[in-house]
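Participant: In case you want the letters, here they are:
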Amino acid sequence: MSNESDPKPVSRLLSGLVAVALFVVLAVVFVRASFGDPTGFPADAHVTASLGYALFNVAGASVPGEGFLAAFEIIDLVLVGALVGAVMLARRETGGALVGALGSDQRSERSEPATATDGGEN
Amino acid sequence: MVPANYYLVLSAAVFSIGVFGIMTRRNALMFLMSVELLLNAANLNFVTFSLQYGNTTGQVFSLFVVALAAAEVAVGIGIVLVLYRNFGDIDVDKAMTMRW
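Protein chains in written order, with our numbering: chain A, 1 to 122; chain B, 1 to 100.
FYI, nobody ran anything at the bench for these hints, they're computed from the structure.
A couple of the hints might just be wrong.
Label pairs and their computed distance ranges (CB to CB) [to be verified]:
hint	chain 1	residue 1	chain 2	residue 2	range
1	B	Thr97	A	Leu77	52 to 60 Å
2	A	Leu83	B	Met33	45 to 53 Å
3	A	Val28	B	Met33	24 to 32 Å
Partner residues aside, some chain B positions facing chain A, computed with beta carbon under 8 Å [claimed, not checked]:
hint	residue
4	Ala12
5	Gln52
6	Thr97
C-beta: ideal position from N, C-alpha, C; glycine also.
All chains should be built: construct the whole structure from the sequences, respecting the hints.
Facilitator: This is the structure we're talking about:
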């Protein structure tokens, strides 16, 4: 397995300096900015219910907001695509040989013919 | 009520920690965790300004960011699996060759 020790501690120190510098720049900007008093939500508002109404473009939310029905449907497709892609990357073949996206793994090949459960076409 | 500036400074800290992790870690799983930190820093900003303006749009959008992060991690874990099968390690520095 990989060891987490960096061969060059200087580069790690440099990375730390870059990250700290980024934080300092952002923090200076954020502290000096003025946004006024937060509006907040009314005490009798149902925030969670309003989130549900906004997700599905349903009227009746007690807190104002935009509708996100189209984005909700699109992200459905994105999630399905990502999960199918993950399964495609991670699948094993029935013969016992590992098959990845970058070619088959020859180390665990079996000598006897495998019993395929899907009719044995491949 | 807490001013928005404090939330933004917290978000900047989380983002900087994520950037530091991406630059120093060599384990691919640590990479994925650092990307999660970046995405959640953005989520923190969304929710902060949702409260600032009294509007639910930021919170709904942060839900979408969470869903996208789940998709990204699913594909990322698949890539880590393929990386381990082809190189015997999940050290991202060892996978220098994009051939097989």
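Participant: Now, for every hint given, state plainly whether the structure supports it.
Facilitator: Hints and how they fare:
no., hint, result
1, B:Thr97 to A:Leu77: 52 to 60 Å, "violated (34 Å)"
2, A:Leu83 to B:Met33: 45 to 53 Å, "violated (20 Å)"
3, A:Val28 to B:Met33: 24 to 32 Å, "holds (27 Å)"
4, Ala12, "holds (4 Å)"
5, Gln52, "holds (5 Å)"
6, Thr97, "violated (11 Å)"
Hint compliance for this structure: hints 1, 2, 6 are not met, and every other hint is.
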